[in-house]
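A.B. asks: One-letter residues, chain by chain:
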Amino acid sequence: MENPDTLTEKLREQGYVAHPDLAMALHLSLALGRPLLLEGAAGVGKTEIARALATVLGTELLRLQCYEGLDAAQAIYEWNYQRQLLSIRAAVEDGESARQAESRIFSEDYLLERPLLAAIRREQAPVLLIDEIDRADEEFEAYLLEVLSDFQITIPELGTITATSRPHVILTANGTRDLSDALRRRCLYAYVDYPDRDTELAILTTRCPDIDAALGRQIVGFVQALRAEDLEKKPGIAEMLDFAAALGGLGVNDLGADPVALAAALATLLKTRSDRAAIPPEVAARLAGRAA
Amino acid sequence: MTRDLTLNRPSRATRFAARDPGPAARLAGFMAHLRAEGFRLGVAETGLAMAALARLDTFPPETVCRALKAVCASDADQSARFDDLFNAFWLNNGRVRARITQTRSAARDHQRTSQTGAGMASGTGKAHAPDDGHDDGDSESGGTGRLMATSVQNLMRRDLRELVSPDDIRHAETLAARLGAAIRDRRSRRRRAHRRGRGVDLRRTLRAALSTGGEPLHLHRRTRPDRPVKLVVLCDVSGSMLAYTRPYLAFVTGLTRADPTADAYLFHTGLVRITSALRDDDPLRMLNRLSLLAEGVGGGSRIGANLDLFARTYARRFVNGRSVVVILSDGYDSASPDQLGPALSLLKKRGCRIIWLNPLKGWRDYAPVAGGMAAALPHLDLFAPATTLADLARLEPELARL
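As they're listed, the protein sequences go chains A and B.
Heads up: the first sequence runs through residues 1 to 292, numbered per the numbering used here.
Heads up: the second sequence runs through residues 1001 to 1402, numbered per the numbering used here.
Simulated from the structure, these hints should not be mistaken for lab results.
These numbers were taken from a predicted model, which means no experiment stands behind them.
Do not take every clue at face value.
[Unchecked claim] Heads up, simulated EDC-like pairs for lysine to aspartate or glutamate below, C-alpha to C-alpha not over 16 Å straight-line:
hint, chain 1, residue 1, chain 2, residue 2
1, A, Lys10, A, Glu68
2, B, Lys1349, B, Glu1396
3, B, Lys1348, A, Glu48
4, A, Lys271, A, Asp230
5, A, Lys233, A, Asp198
6, B, Lys1349, A, Glu48
7, B, Lys1349, A, Glu232
8, B, Lys1348, B, Asp1381
9, B, Lys1349, B, Asp1282
[Stated by the list, open to error] Computed list of chain A residues with no C-beta within reach of chain B, every gap over 10 Å:
hint, residue
10, Pro4
11, Ala25
12, Asp181
13, Thr199
Where a beta carbon is used, it is the ideal one built from N, C-alpha and C, also for glycine.
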């Protein structure tokens, strides 16, 4: 990728409209071989960018979803214990020596790859998405630092496995926990915000090309107005697209014209009870009227 | 003086004309500028920034700005401030270099900065002012006007410094360490080798099975270890709490210094995070920083507004399911108490446990009728009295039961 503009263009072909800041961070991350840390509210398209990037680069996407208690066995590798156990039994019956049996069951055949190990052993560098890193605990974060700086993994029984190709690493976080300075320093950083009106309209028309232009403007205006309200969960881009699809399904061509259908479609945007209560149908109708 | 002035006056066209040491040094200067603004950048980052610029094929200011932002910014706040800082340094319309701050031209420049940089100024000011009016804040200062209010505040500030003695802090540190140990969370999802754990450690069992011909005679086990919780302390330092400020502040200080994951805040009419000030290595400087932060001690308190602000801002970053939020307050809200209930309920949604320690509860015949307290009760996991450090120590078994 020669410069950020061509990258932006190629991402757009994949249906991803990137903010210039994000495109630059992505470009540098590819050029310098540094991991990229993306932060932002839920639903602004942090995960989606990895998918789009993988398609642009024509490579595989490996995804590691983080959660509390994630450990080496789920993130890096695990031995296939059942096969090992069977194999030991067989070895005893065949009269194989213990040493032979040991070297056999701790070989590649009995190793189960998990995303981190898989990412460094691919022929072609994949995109490695480490999703919601702030959900994993500090221990895993510390381990990840080691992998991200050396791109090698040590398995006691096998030795050190060095990367055949350096994966393009994207980490996402949405502020469940404060990340360590060490991790932040190792990564390039971009903050992904809710898109502005024009960008969001561009996203909508890229994803739903056959949507009516006036309705598209209304949808985007409505969702933007909704984000300005005091809500627990602000609707993200995915919600906006769902909303557009729902309106299409209900056959709505003008937001202001059909309050009943609008209230029904709100289920795609407001996802907690108190948010539903905060935006009663008449408020929704008023917002829709203003967006038109 | 006059010659000095002409020599050092920054020209608008270019600031590097006379003795330009080259782009690397300029970039290093910019990194130093960012460091002065609180960015954590080392030599490695300067190198990375050079490498990043080398990968660009065109150099319009906005492109360079974006590239450096990706390298230098490391959180949302820095990311938001970066554009202003970049413009201030490279585009000659902001902060001037420290070398010339004494000359008159620098002073003039400085004024211009404070006008153009209004966005940044409001950013720092916001944290201190969740309240919109002063009228209900300083109830004691009455109608005598501003001069009076100022002198009262100064007095309080000096008081605060005397309030916390090193002895108190040491005592509180041991106490806090014990309390921290008492509140343990038993829900870790990670597993660790253990002699009598619940799950079987397949890896070690299998290793051992090799020597017994594939027969797993001895089962190795593993268990979920205990994990300490994160304590978040919010201490009310308003006028009605003045008598208890000493033990409470000592407790908060001790706790923050003993436990590296603890987090501390003061509130009165505003809310301030004092964690980093409390962790200062130099105790004297710590007290000075604290006094500066605690400006407004002894005034009114806006518990509801402050807790609401806390739940919406800091809590999103620092409070999760493993946190225990400790509120030290008497519940006397100088604003209306309506906000308190919803604020606590919002905070509770972060999954934390909330403990309210109230000095007045120790009094005989105390009933939580203060409007605020009554609204808060349904959201609390523990509501207990505490007036001195010794009282806090007695809480240990109660906390352990949580």
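A.B. asks: Now tell me if each hint is right for this structure.
C.D. replies: Each hint, compared with the structure:
1. This hinted pair does not check out: A/Lys10 and A/Glu68 have alpha carbons roughly 35 Å apart, beyond 16 Å.
2. Proximity of B/Lys1349 to B/Glu1396 is assessed by CA-CA distance (about 25 Å); at most 16 Å being required, the pair is judged violated.
3. With a CA separation close to 31 Å, the supplied pair B/Lys1348 and A/Glu48 exceeds the 16 Å bound.
4. A threshold of 16 Å between alpha carbons decides the hint, and for A/Lys271 with A/Asp230 the separation of about 14 Å falls inside it, so the pair holds.
5. Straight-line distance between C-alpha atoms of A/Lys233 and A/Asp198 comes to about 22 Å, which puts the hinted pair past the 16 Å bound.
6. In summary, the hint linking B/Lys1349 to A/Glu48 is not supported, as the alpha carbons are separated by about 28 Å, beyond the 16 Å threshold.
7. The straight-line distance between the Cα atoms of B/Lys1349 and A/Glu232 is roughly 10 Å, inside the 16 Å bound, and the hint therefore holds.
8. A threshold of 16 Å between alpha carbons decides the hint, and for B/Lys1348 with B/Asp1381 the separation of about 10 Å falls inside it, so the pair holds.
9. Note on B/Lys1349 and B/Asp1282: the hinted pairing is violated, with a Cα-Cα distance of about 37 Å set against a maximum of 16 Å.
10. Non-interface status of A/Pro4 relative to chain B is broken: a Cβ of that chain comes within 10 Å, the nearest being about 8 Å off.
11. For A/Ala25, the shortest C-beta to C-beta distance to chain B comes to about 4 Å, within the 10 Å cut-off, and the non-interface label is violated.
12. With a closest Cβ-Cβ approach of about 6 Å to chain B, A/Asp181 is found to fall inside the 10 Å limit, against its non-interface label.
13. No Cβ of chain B comes within 10 Å of the Cβ of A/Thr199; the nearest lies about 16 Å off, and the non-interface call holds.
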